[in-house]
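Participant: In case you want the letters, here they are:
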Amino acid sequence: MRRALWILAVLLSHWRRHPMQLATLLIGLIAATALWSGVQAINQQARNAYDRAAAMFGGVRTPMLVAPDAATFSQDLFVALSRAGWPVSPVVEGRVQINGRSFRLLGIEPVTLPAEVGNAPRLGASDLRAFVAPPGQTLVAPETLADLDATEGAAPQISSGARLPPLHAQPQLVPDVLVVDIGVAQRLLGKQGQLSRLLIGKAKGKPGPLASVVGDRLQRVEPGAETELERLTDSFHLNLTAFGLLSFFVGLFIVNSAVGLAFEQRLPMLRTLRACGASARMLNTVLVIELVVLALAAGLVGLVCGYVIAAALLPDVAASLRGLYGAQIPGQLSLRGEWWLAGIGISIVGALIAAATSLVKAVRLPLLATAQPQAWQQAQRRWLVLQGAAALAVFAIALLLLRYGDSLIAGFAVLAALMLGAALFLPALLEIILLVGQRRAKGPLALWFWADSRQQLSGLSLALMALLLALAVNVGVSTMVETFSRTFITWLNGRLAADVYISAPDNAKAVAIRSWLRERSEVQAILSGGRAETQLEGQPVELLGLPDHALYRERWPLLEAAPRAWTQLVPGNAAFVSEQLSRRLGLRVGDVIEIPAPGGSWVLDIAGIYADYGNPKAQLAVNVAALIRRFPQTPQTRIGLIVPRDNIPGLITAVQKQFALDDRSVADQATVKAESIRIFNRTFAVTGALNAFTLGVAGIALLTSLLTLANSRLPQLAPLWAIGLTRSRLAAIELTKTLAVALFTALLALPLGLIVAWCLIAIVNVKAFGWRLPFHVFPLQLVELVAVALLASLLAALLPVARLARMQPADLVKVFANER
Amino acid sequence: MALSRRAFAQGYAGLGETADGFAPVTPGKVFSFPADHGPHPDFRIEWWYLTANLVDARGAACGLQWTLFRQATEAGPQREGWANQQLWMGHAAVTRADTHRFNELFARGGVGQAGVDAKPFAAWIDDWEMKGADSTDDRMLAPLTLKASSTDFNYALTLQADRPVVLQGDAGFSRKSERGQASYYYSQPFFRARGSLVIDDKTVDVSGQAWMDREWSSQPLDPDQTGWDWLSLHLSSGDKLMLYRLRQKDGKDDPFGNWILPDGRAQQIFAADIQMTPKGWAEVAGRKLPVEWQIAIPSRSFTITCKPLNPAAWMGTGFSYWEGPISFSGSHDGVGYLELTGY
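Chains as they are written, first to last, in full-length UniProt numbering: chain P, 1 to 820; chain D, 1 to 343.
Check before you lean on any hint, since a few could be wrong.
Facing chain P, a subset of chain D residues (Cβ under 8 angstroms, in silico) [stated by the list, open to error]:
(1) P77
(2) G81
(3) Q85
(4) L87
(5) R108
(6) D127
It is worth saying that the hints were derived from the structure and are not from the lab. Just so it is clear, the structure is predicted and the values come from calculations on it, not from any experiment. Ideal Cβ placement from N, Cα and C applies to all residues, glycine included.
Given only the sequences and the hints, what does the whole structure look like? Please build it.
Facilitator: Here it is as structure tokens:
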């Protein structure tokens, strides 16, 4: 034990003499742990929120009975099943509008609600009476209370004119859901005696077969392992995870180069220790202990940084998830103990992986071998060939995945394989470029420049690989975001056809507003819209009512359309489907679909497919008059107006004054557009932030590699100095070299980045969001990125080069006197 | 969901709550059947409570319980559908010397999941039911069929009787305290039961005697009263005896009884004439319960000792209590049921 401590002290003395190396090692570990655990924290937070939503009052976590056409069914089936011993609890569900905002109204029956229904809010004993007995209660999340701008006990009015039971806050509830007693919900939704589904609790007996009680009127749905929300948001989290992983590996590159260098430099020390009688096992154990201690310390700091990163990104992530998928994530970060343990664990595991080659070398260390501080650079050629072969193998995997893979994971795997292959291939490629340069070089100094760059390659290659990856990802992601941004704005212009949008609080008020508007001379057209909800092949689908107006015909963003598509829409037997829906269900123009409607199913021809970016819900667009005929309950509270530009502000003020409407209820096109673009930009703020982080980590990798190389490069530089090159000249050459290599890397990153962008747009986006964007290249952006890369390299190289320029001649002379 | 259980427990354990708006229990009610077999929604609580002392083909004793409780959350006219203010709770149990199984169900009134019809008689909650037929005699409330099931037990019985139901207390008015708390109470103690009992998928044929209590009230307990010890006894002579003791916070308890002759005539027995003494205690569910009793009614030369078939007959339901078959010997012998609440 004592001996081990002495060995540890000796080993640690190295770091005292090379604090920069220690800093490098720690920075690498901290960076790796911080980004990884930050991303994990965000993902965990989101998953918890999905779980909460899923478990709420028997979401998909509870087995249930539903009607085969997913329509409502008679309450008598509930009674029949209960009387047959089925442990069922009825639920009715629908949507209501309050002040133009749509909420999910859930009617539950608390007495039969299965106890095992997840983390359903527990009503207090005396609350049962308050919840069930008139006037009852509306349970809402505190966030919803705030959204409604209401206090507990208030009874807001819904669009049908009826009032909700008094509001009552329940912290466990998810936002945007109103929970009321089943009888109240049936009344509010106009579904008297109707149920949406039956939750199945733990059996209290041995009920007979389902079919013997209800025939084929109900079917059992087993609890899904994955919720719809989880499925939808998977891509987003995979995205984050991919960034986290990338940063983690870039961090490990840093650790690897720091540990490798430290090990090379400590070889003589290790040999001396062995010669003094320390066993190889003891030495190795102490080396591992040293590494674990460092990893522990760095892991803790990394976790704190990770927490800060997660807390900083969470509001944007929450906004993205809300905008993209309608998923509600609390903005306050809460972490479990496992997260901290996992973070420390990943730091230690990462450090051990990064140091594995060095540790293996230490085990095999021959006692009497001579010091070979340059040993790792000797086998360069063989190593390049091997790595090149590995790169080709990885490319082959990427191709196979591209050919045969069909999932989102496969899409990401293609990306990962492409980038890994490119990174592995980079040193070989640079070697070829430098070799060509060397062949063409004239004059001894130029020749040396190229040859020395080649010699330096193996030492810098890890950092360059990191830079390549970071740049490629950057190019890829910014190309995708820019593409999306332009497509989105064009699309938005098409979608927002009306000049002014009004959302009336209820139908009666909407009628009054319409008749008032008809009297206004500046109003050129009043366009009505409407939304209803239904199902298609068991999935919830939003029905959007489109007015029959020339403006819509001109601008509505149809991707594909049958001839005379708009004319087909008018009689009410045709529909347009959103791109997401068409991809998910494989629908094409000309197909026929059938959806449940209150008066019987509705058969629709698909006349077109339209882009519906950013909508988490699958959508069908039909003629609004037909929609109201088929779904008479549809609130007709949305009104669009065509108004000459100059009359817009005056009209808005007049409407607001006349009908006491707030800013949220009346908006002009520009405001709506600005709001949409703001949400859109926020969606990609996280991507941008992670992008910057990754590039930053790559910059650090480059800096640390250059710093660690700087010392070992003295023997190469000292002879040149001795021949007569000034230190500043030498420094300039060093700087040029670094920048040249960085430039090559950046130039190589461009095509790789474009391939990444293509993968993101053509594979990942389609799988993740259900839409495919046209692929654009933005040259200016690429030039900008190359400049950023060079700037980062310049900054990274500046410190070691400045040191060289100011190095004492005595230090350079020392090179010739030293062992080396 | 836990809330319903707790709410129910509160309702039953807190029987002393004021009877605001509910119908009062007053002496002099004239019972009318079959109407009074049905629910009395104007009163706060009500139950249909059946216990049976049975033996299987090999002579092994067992017991079963079937109970339907009704509680009104609010007084006033009955509302339709889900807005109905009645809550229903069912308890079923079987007890053998080596095992005690129980289950409970909850339901809301107004939609048909649970309820009671007077004619033809039917009391049900989910698939548990106590049901009459066209041949059911209104005065005897017989014959009936009875069934209940759970994951680890179920039973089905037919119940026959040849004597009318018996009014308890003073012509069906059962006074529970000096301050006027009371209930309407009648019983059918003369049921002969026959049927099958399934425990862990093993079916046995059983037969024996059963006792049904019908009771409703708006405020049967005084706030000082903490619980009751209640017995129904089938004497081998053919006589029946109902006894209970309401425990008070001050330690005083008021025993009360009703002796039912084999011909159905009932005679009240008052506190001064009853000695109920706990003799043996059992530790069940973290509670100490008097499961063995010595009971004496000197005026009738009646002195018996009761022992439980299974001391662990704890009903670990939302509203929990001890309820199990007993046997007794002494001056008289026979079988019966013991109920201990408020422990």
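Participant: Give a verdict on every hint.
Facilitator: Hint check:
{"no.": "1", "hint": "P77", "result": "12 angstroms, violated"}
{"no.": "2", "hint": "G81", "result": "6 angstroms, holds"}
{"no.": "3", "hint": "Q85", "result": "6 angstroms, holds"}
{"no.": "4", "hint": "L87", "result": "7 angstroms, holds"}
{"no.": "5", "hint": "R108", "result": "5 angstroms, holds"}
{"no.": "6", "hint": "D127", "result": "4 angstroms, holds"}
Checked against the numbered hints above, the structure violates only hint 1.
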